[in-house]
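Let the hints inform the model, and build the full structure from the sequences given.
Number of protein chains: 2
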Amino acid sequence: MLEKRTPIPVGEAVEKIMAYQKSGSIEYVSINDSFGRFLAEDLKATNDVPHFDRSPYDGFAVRSADTKEASMENPLEFEVVDHIGAGHVTSKQVGSFQAVRIMTGAQMPEECDAVVMLELAKAYERNGKNYMSIKRVYNPGDNVSFKGEDAKEGESLVKKGTRINPGIQAILATFGYAEVPVAQKPVIGLFATGTELLEVHEPLEPGKIRNSNAHMISAQIDRAGAEVIYFGKLPDEFDTCFNAVKEALEKVDMLITTGGVSVGDFDYLPAIYEKLQAEVLFNKVAMRPGSVTTVAQHEGKLLFGLSGNPSACYVGFELFARPIIRRMLFAEKPHLRKEKAELVADFPKANPFTRFVRTALNYSNGRLVAAPSGVDKSNIVMSLAGANSLMILPGGTRGYGKGDEVEVLLLEDHEGSEWPW
Amino acid sequence: MLEKRTPIPVGEAVEKIMAYQKSGSIEYVSINDSFGRFLAEDLKATNDVPHFDRSPYDGFAVRSADTKEASMENPLEFEVVDHIGAGHVTSKQVGSFQAVRIMTGAQMPEECDAVVMLELAKAYERNGKNYMSIKRVYNPGDNVSFKGEDAKEGESLVKKGTRINPGIQAILATFGYAEVPVAQKPVIGLFATGTELLEVHEPLEPGKIRNSNAHMISAQIDRAGAEVIYFGKLPDEFDTCFNAVKEALEKVDMLITTGGVSVGDFDYLPAIYEKLQAEVLFNKVAMRPGSVTTVAQHEGKLLFGLSGNPSACYVGFELFARPIIRRMLFAEKPHLRKEKAELVADFPKANPFTRFVRTALNYSNGRLVAAPSGVDKSNIVMSLAGANSLMILPGGTRGYGKGDEVEVLLLEDHEGSEWPW
Numbered sequence: 001m002l003e004k005r006t007p008i009p010v011g012e013a014v015e016k017i018m019a020y021q022k023s024g025s026i027e028y029v030s031i032n033d034s035f036g037r038f039l040a041e042d043l044k045a046t047n048d049v050p051h052f053d054r055s056p057y058d059g060f061a062v063r064s065a066d067t068k069e070a071s072m073e074n075p076l077e078f079e080v081v082d083h084i085g086a087g088h089v090t091s092k093q094v095g096s097f098q099a100v101r102i103m104t105g106a107q108m109p110e111e112c113d114a115v116v117m118l119e120l121a122k123a124y125e126r127n128g129k130n131y132m133s134i135k136r137v138y139n140p141g142d143n144v145s146f147k148g149e150d151a152k153e154g155e156s157l158v159k160k161g162t163r164i165n166p167g168i169q170a171i172l173a174t175f176g177y178a179e180v181p182v183a184q185k186p187v188i189g190l191f192a193t194g195t196e197l198l199e200v201h202e203p204l205e206p207g208k209i210r211n212s213n214a215h216m217i218s219a220q221i222d223r224a225g226a227e228v229i230y231f232g233k234l235p236d237e238f239d240t241c242f243n244a245v246k247e248a249l250e251k252v253d254m255l256i257t258t259g260g261v262s263v264g265d266f267d268y269l270p271a272i273y274e275k276l277q278a279e280v281l282f283n284k285v286a287m288r289p290g291s292v293t294t295v296a297q298h299e300g301k302l303l304f305g306l307s308g309n310p311s312a313c314y315v316g317f318e319l320f321a322r323p324i325i326r327r328m329l330f331a332e333k334p335h336l337r338k339e340k341a342e343l344v345a346d347f348p349k350a351n352p353f354t355r356f357v358r359t360a361l362n363y364s365n366g367r368l369v370a371a372p373s374g375v376d377k378s379n380i381v382m383s384l385a386g387a388n389s390l391m392i393l394p395g396g397t398r399g400y401g402k403g404d405e406v407e408v409l410l411l412e413d414h415e416g417s418e419w420p421w
Numbered sequence: 001m002l003e004k005r006t007p008i009p010v011g012e013a014v015e016k017i018m019a020y021q022k023s024g025s026i027e028y029v030s031i032n033d034s035f036g037r038f039l040a041e042d043l044k045a046t047n048d049v050p051h052f053d054r055s056p057y058d059g060f061a062v063r064s065a066d067t068k069e070a071s072m073e074n075p076l077e078f079e080v081v082d083h084i085g086a087g088h089v090t091s092k093q094v095g096s097f098q099a100v101r102i103m104t105g106a107q108m109p110e111e112c113d114a115v116v117m118l119e120l121a122k123a124y125e126r127n128g129k130n131y132m133s134i135k136r137v138y139n140p141g142d143n144v145s146f147k148g149e150d151a152k153e154g155e156s157l158v159k160k161g162t163r164i165n166p167g168i169q170a171i172l173a174t175f176g177y178a179e180v181p182v183a184q185k186p187v188i189g190l191f192a193t194g195t196e197l198l199e200v201h202e203p204l205e206p207g208k209i210r211n212s213n214a215h216m217i218s219a220q221i222d223r224a225g226a227e228v229i230y231f232g233k234l235p236d237e238f239d240t241c242f243n244a245v246k247e248a249l250e251k252v253d254m255l256i257t258t259g260g261v262s263v264g265d266f267d268y269l270p271a272i273y274e275k276l277q278a279e280v281l282f283n284k285v286a287m288r289p290g291s292v293t294t295v296a297q298h299e300g301k302l303l304f305g306l307s308g309n310p311s312a313c314y315v316g317f318e319l320f321a322r323p324i325i326r327r328m329l330f331a332e333k334p335h336l337r338k339e340k341a342e343l344v345a346d347f348p349k350a351n352p353f354t355r356f357v358r359t360a361l362n363y364s365n366g367r368l369v370a371a372p373s374g375v376d377k378s379n380i381v382m383s384l385a386g387a388n389s390l391m392i393l394p395g396g397t398r399g400y401g402k403g404d405e406v407e408v409l410l411l412e413d414h415e416g417s418e419w420p421w
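Chains as they are written, first to last, in the UniProt record's numbering: chain A, 1 to 421; chain B, 1 to 421.
If a hint is listed, it holds; no wrong ones were tucked in.
Chain copies aren't distinguished; within one or between two, either way the pair holds.
Capping the alpha-carbon separation at 25 Å, the derived lysine-lysine pairs in DSS-like fashion look like this:
1. Lys16 / Lys4
2. Lys284 / Lys122
3. Lys122 / Lys4
4. Lys275 / Lys4
5. Lys4 / Lys135
6. Lys284 / Lys301
7. Lys340 / Lys402
8. Lys301 / Lys16
9. Lys92 / Lys147
Quick caveat, the hints were computed from the structure, so don't treat them as lab data.
Structure, rendered in structure tokens:
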């Protein structure tokens, strides 16, 4: 009954999966709905910014040539011929020793090439006319924001695959992207397996537990940027089960199942893969938790058979399914971001397998420090709550201790890494 | 016309605002919609986990007392009287030298107190009966996960105010929270002001720019965890404008306006505050950008008058409005999280005011390093795209340079800080 499985290294497993990566599709959403989505095209400047010479200050627009002789001893007087706010354009022609009172953001009068800041001018009225005087020289361009200074038309400002943040929202608005090209959310199908599983609203029964994996993975799928279709619990009967998987597969970009992949008498996912004539890419990985993770492909679509154990399930999703999702969101760095951190706990026991320890990463004086986020038995759901990262403890003959440098994979990050293995 | 304003330090400004903080309200949402929301109550274990003694491995449940004499030289035989999967409970009584084949997660038979891992037992059939034999001693509790080992009923597992992540979703499901108590999203009203503003779908006109602030702040409000009602552009006519603000104020928890707060002839927000009989808490802050930020309160509701300048607007929201929102989401640490980082750029020019520089924070060998995310003129929208933090450069007589330690405020973080000032 015991099938022999050969564990492969994590990197090799991910490589096998990435061979089936696909690029995503574009859809257009209103700018009001684009926050948090991923750009499907490079964001380009559709016009110069500013698209006219403008004043960055409240003050007076002048012709700099007129100011040449100004000094503390020789204040020069200018007639103020107009007063324009932002959004307005003067209709006056500005002659010599004339000025225009101008507000922050307003367009420079055509003849003017410098702005005198309000606090450096003395303004007054005489015979019903407005004047101001200055005591220093201005050079052409002083206090003027020139057309195209911030961005040139056609310039690429933000790369596709970037998650849209508030700053990018501002840029989208600036350039008139009322409809934003974003990556379509990949659709991920999800099945849970296990006769021990109760739904969240059901009361506990002897020997049974509530299905936490489906809710956890749904949130992980959401965090990764995709959409989940939860198909419920797989039925116990093989043929019904097979048909359910086959039908679901047609509706989704990839399919995730939790549980049913161990080498055990009651685990029938392998049999389903076989009947589907799916190609099993691997069914054992040299890692803890999650060693029984099985991934298969059927006509180019991936089937992720994650362990039913919550921690193994969590880790399996992040290492194996997330990069495929991120690729479909146009990410250049689809994998979890890897960084270095200082270990602040002891792991004295050696382990032949590479471990992924749920970790609460923190800062201490500008340094990343990593502590396990809870008791690290793989069936303990509690430690998942505080985890914002996974610590990688390579397998071998030694343990790890306080002060060691370790590598960590960030879970809440949107930068990613190109290839962390 | 020029009103004299006295700038106050940032910390003092925040303090004045926090005097009007309010606690949030609870609402219940389906567990399917709770990801990313904030817990409104401590999450408590509603039962022991596990709620029965269970086997963490595939193997054979035995009575440890029977194994006492087992050794390499003296293998002991057990009759296998039942075979149970997860979710099932044996109906058999397990007698001496009897065992039950048990799957991962299944409930221990009442008489058994140890599990022999599958690979350490030799299983065989004889005369239609199943047997297995072992070659070592087991102690009571070996390979058993005991009731309450992971969590005890009534134990507090996650604090209120915590943002719900995938791990917390798993915990919610485990404990039967089909409906989750989360913080109601505060409702934030938003007005833009400025005759220079075009809407995002409008073509450019001389002297006019598209309204980017409204879209930017809407996303910031979303990121902070609240909901926005965008009331559009404030009309130019004072009375219409006053009525619009007054009516909007009744529908929201707080009101944000962008623009219209400078000391300038066309800025009328101060006049509206006056007619409303709102108390102005401050109208100038010793900071760059955002010095003209004005905050007022009317019958306990806060009115945030942010600058029309995109950078000032962005910073003003994060420093002043976000903590009020986070308090309503039950955060104990409502302010932006403050950490230390190494500066990797030069800011040679001294500035009398504290600067908040839009920063792309990164890691280098496990250390936080801070570089400005773009040209740091306050009217340059582009640098907001790459900003994940704000660098604090205290005002004074010196500049800053590469290698200096600086403080940074994290923008994408959900931990926060209690009081960063």
